[in-house]
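4 protein chains.
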Amino acid sequence: MSTPLRVAVVGAKGRIGSEAVRAVEAAEDLELVAALGRGDRLETLVETGAQVVVELTHPDAVMRNLEFCTAQGIHAVVGTTGWTEERLAQLETWLAASTGTGVLIAPNFSIGAILTMRFAQQAAKFFESVEVIELHHTKKADAPSGTATRTAQLIAAARAEAGLPRQDDPTTHGLPGARGADVDGVPVHAVRLRGLLAHQEVLFGGEGETLTIRHDSLHHSSFMPGILTGVRRVVDVPGLTFGLEKFLFEGE
Amino acid sequence: MSTPLRVAVVGAKGRIGSEAVRAVEAAEDLELVAALGRGDRLETLVETGAQVVVELTHPDAVMRNLEFCTAQGIHAVVGTTGWTEERLAQLETWLAASTGTGVLIAPNFSIGAILTMRFAQQAAKFFESVEVIELHHTKKADAPSGTATRTAQLIAAARAEAGLPRQDDPTTHGLPGARGADVDGVPVHAVRLRGLLAHQEVLFGGEGETLTIRHDSLHHSSFMPGILTGVRRVVDVPGLTFGLEKFLFEGE
Amino acid sequence: MSTPLRVAVVGAKGRIGSEAVRAVEAAEDLELVAALGRGDRLETLVETGAQVVVELTHPDAVMRNLEFCTAQGIHAVVGTTGWTEERLAQLETWLAASTGTGVLIAPNFSIGAILTMRFAQQAAKFFESVEVIELHHTKKADAPSGTATRTAQLIAAARAEAGLPRQDDPTTHGLPGARGADVDGVPVHAVRLRGLLAHQEVLFGGEGETLTIRHDSLHHSSFMPGILTGVRRVVDVPGLTFGLEKFLFEGE
Amino acid sequence: MSTPLRVAVVGAKGRIGSEAVRAVEAAEDLELVAALGRGDRLETLVETGAQVVVELTHPDAVMRNLEFCTAQGIHAVVGTTGWTEERLAQLETWLAASTGTGVLIAPNFSIGAILTMRFAQQAAKFFESVEVIELHHTKKADAPSGTATRTAQLIAAARAEAGLPRQDDPTTHGLPGARGADVDGVPVHAVRLRGLLAHQEVLFGGEGETLTIRHDSLHHSSFMPGILTGVRRVVDVPGLTFGLEKFLFEGE
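The listed protein sequences derive, respectively, from chains A, B, C and D. Residues in the first sequence are numbered from 1 upward in steps of one, following the UniProt record's numbering. Residues in the second sequence are numbered from 1 upward in steps of one, following the UniProt record's numbering. Residues in the third sequence are numbered from 1 upward in steps of one, following the UniProt record's numbering. Residues in the fourth sequence are numbered from 1 upward in steps of one, following the UniProt record's numbering.
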């Protein structure tokens with residue numbers, strides 16, 4: 001077996017961060033060399049010889065952290081959100097000056113969620129009808145979820161590309177809201193239920209049949225396989241990669 | 001085996017009516033003696049010795065048909081809708097003058113739909129959260145369905161009786177309609193999908209667990225077992241019975 | 001508000017026990033007065049004035065603990081398994097000598113699981129077909145689960161009582177095991193899947209329709225509402241109560 | 001609009017055949033020129049100028065029908081089963097002698113079923129666990145279904161190719177059959193329920209999440225969109241094509 005990859009977690013005290021610490025420790029081909037929280041010195045990353053940083057902090061901190069990492073030639077796998085065109089351009093500049101360094105930014109590390117979106121895109125052109133139902137815990141403030149909105153947008157784009165017409169809504173009378181939110185012509189329904197975590201169903205309907213793709217996230221650990229896949233691959237992919245799917249489906 | 005019960009179907013040409021004709025013919029303990037369509041003479045019911053009429057016509061015709069049946073002492077199982085307080089009172093008058101005659105009016109003959117409502121009512125007081133999703137074919141003009149609305153009302157009443165508070169909606173931002181229609185505080189979502197017929201899910205959520213009751217109606221024949229149960233029982237229950245559940249759960 | 005009920009947890013270090021400690025602490029009408037682990041003195045229960053003990057230990061320890069509690073007039077809610085006729089008889093003897101003391105033994109504290117079994121029993125007589133699918137995590141050693149086996153037995157008994165015939169299996173050729181395990185004539189299928197916790201579906205089928213009752217347990221905290229209901233009610237029910245359903249559905 | 005394609009159905013009296021007649025009649029770009037049943041003369045196909053034949057007969061008749069069609073330069077879309085290496089070789093010989101003629105043989109014309117298999121193959125390498133549940137009506141003689149067996153085989157092959165180990169079964173005690181049939185290491189469960197038609201679920205499980213792909217066939221008309229796609233495409237694809245997926249995903 002080869003030498004383990006030296007990995008640091010920045011943002012190690014948060015819910016996902018602490019899961020990431022455990023996941024890196026548990027992986028035989030990875031070695032956890034640092035777990036930094038708010039206020040800890042970034043220099044520790046250099047002193048411990050970290051080869052890859054898992055960045056799970058906050059939009060306020062992520063740019064400073066990535067400036068440091070790219071300057072030091074440390075690869076990064078980034079789960080922090082809040083990316084804008086401007087921020088991405090800045091990051092590209094830093095990467096251009098750091099030959100061989102790779103950064104992966106992923107809006108979603110759940111492989112199940114990524115596959116759901118991919119399959120929904122592929123199936124879209126074959127079915128007359130499609131709707132999305134997302135179901136989450138009762139602390140969620142936005143409805144529909146970002147993932148459901150993104151899924152509906154991808155479906156709508158695939159329908160448009162295939163020349164499918166906009167779906168008719170047969171409803172002539174009823175109650176407001178019953179038919180869900182309209183995301184580019186795809187109805188999206190949001191359920192909030194105590195006991196749930198994060199779940200999504202994409203329902204396609206055609207003549208005499210339906211196809212349902214359902215993703216259930218039952219624990220926050222569901223992000224870990226995707227983060228570890230990112231860590232293992234980013235060292236071989238210099239420059240900026242946006243979206244874990246680039247690593248999952250390469251060569252297809 | 002005893003003599004078969006003599007049954008007539010009125011409204012025998014419609015989609016449900018023609019299924020009812022087939023179902024009566026197929027039942028060993030029933031004999032189909034007449035199948036009347038629009039314009040056929042009601043006197044045929046007397047001439048053929050019908051003991052029970054299955055009435056599946058139209059709100060415009062049902063009162064005339066039931067006046068005739070009750071006057072002749074013929075029992076009736078009625079699927080036609082459009083019942084008002086006034087119409088029910090009129091029917092009660094006719095029944096009072098026809099000792100021993102029974103009429104069953106049922107808004108829903110699907111045993112699965114009736115059980116779904118019953119279980120939803122029973123479960124309501126045990127869970128913090130509840131939402132209803134109904135899914136139908138793409139010709140359905142009303143959203144949500146009458147059954148989903150009735151289910152949500154029954155749940156809301158059971159919650160109120162148990163002293164449960166109104167459900168909080170955690171949503172602070174999002175798209176209009178995402179959280180469904182509000183029926184007495186219960187969110188109801190309506191999906192319209194090619195390939196479906198009539199389906200309903202009631203989702204309950206509590207600490208760490210969910211309970212889902214789902215009814216799928218895949219064919220119009222799903223009303224037949226309920227209609228036949230009504231036919232067999234109505235002969236022993238004089239007067240007006242509203243709701244098939246009265247026959248399904250008697251003695252409980 | 002009245003004085004909080006004084007509650008102790010025995011077996012407080014286990015997975016369910018530590019959840020119970022948290023749940024009692026979080027309940028406004030309950031006060032946690034002791035949390036005992038292996039080797040701790042039972043006398044602490046008397047010294048802290050515990051009124052109810054939540055017993056979540058092991059078949060090896062439960063009898064000694066209950067002998068102590070009943071002798072001291074402390075009520076008990078028991079989740080420990082391994083009950084035999086002989087053990088129950090011994091417990092009845094202790095309770096007979098301790099006027100006013102109540103003990104609740106519950107094989108399952110999940111309200112969703114209990115309702116699933118109850119609804120399955122109620123629905124059984126109305127459907128020609130029924131099968132059970134249980135789905136669990138990949139550490140589960142028994143298949144099918146005890147709950148699924150019990151559910152199938154209850155369904156089979158309800159079918160027999162209603163005079164329903166045994167279900168025909170149409171299979172004439174295929175692979176061994178495809179049609180599941182036979183529990184009193186009800187096929188039971190066991191799925192083992194990484195990512196799941198404990199889930200069960202009961203599927204009923206009749207002419208043109210199906211009814212599905214599904215319970216999903218996503219977190220061990222799902223037992224807490226049932227345990228707390230037991231704690232609050234056991235103080236008013238002297239003697240032995242077997243099954244939480246006795247407290248959930250009383251008066252029905 | 002261009003001239004409609006001239007289509008004949010052979011085996012037009014069967015359940016699927018009569019649906020195909022209706023579907024061709026309803027399609028604006030297709031013209032039904034013949035609908036042949038058992039005993040009808042094949043020469044009618046030539047006399048009516050059929051360009052494409054939809055062959056839905058029986059293994060006893062299909063070879064004779066295809067010999068005639070290929071000799072006459074009539075394209076064919078074939079749903080009849082019973083193909084062997086020998087039969088396929090014979091058909092290839094006939095096609096070699098009929099330049100420009102195309103024949104599509106498809107074991108499954110349901111687009112939902114084909115997508116389910118495709119997505120299951122694609123997802124297989126990303127998940128530790130996978131099981132298949134198929135659910136059918138109570139007249140089905142084989143268990144598991146051919147589609148479920150094929151799906152499990154495709155999943156097993158994809159796992160092997162990705163170097164995934166065989167799934168461990170954690171079961172140490174239980175009832176025979178509970179864990180389903182073993183198809184190349186993938187457990188397959190077969191449910192038989194009155195009211196169902198043909199349904200299949202593929203369940204994948206990984207750390208903290210599951211992905212479910214479910215296909216519901218609610219009516220035999222579900223084969224029609226696939227058959228019509230075959231009819232429209234086969235005229236442009238000379239030679240033998242096996243599997244509708246070749247036409248659905250071409251260019252990907």
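It should be emphasised that the hints constitute simulated quantities derived from the structure, not laboratory data. It should be emphasised that the depicted structure is a prediction, and the values quoted were computed from it without experimental measurement. Be aware that one or more of the hints could be misleading.
Intra- or inter-copy, both count: the list cannot distinguish identical chains.
DSBU-like, lysine-lysine: derived pairs with alpha carbons at most 30 Å apart [unchecked claim]:
| # | residue 1 | residue 2 |
| --- | --- | --- |
| 1 | LYS13 | LYS139 |
| 2 | LYS125 | LYS139 |
| 3 | LYS13 | LYS246 |
| 4 | LYS246 | LYS140 |
| 5 | LYS246 | LYS125 |
Here's how the hints hold up against the structure:
For a Cα distance limit of 30 Å, the shortest separation of LYS13 from LYS139 qualifies both inside one copy, at 21 Å, and across copies, at 29 Å. Taking the closest pair of Cα atoms, LYS125 and LYS139 come within 30 Å of each other only across two copies (21 Å); inside a single copy the shortest separation is 35 Å, beyond that limit. Only within a single protomer do LYS13 and LYS246 lie at most 30 Å apart by alpha-carbon distance; the minimum there is 28 Å, versus 45 Å between protomers. Taking the closest pair of Cα atoms, LYS246 and LYS140 come within 30 Å of each other only inside a single copy of the chain (29 Å); across copies the shortest separation is 36 Å, beyond that limit.
Taking CA atoms no more than 30 Å apart as the test, LYS246 paired with LYS125 passes in both settings, with 22 Å inside one copy and 16 Å between copies.
Hint violations for this structure: none, all hints satisfied.
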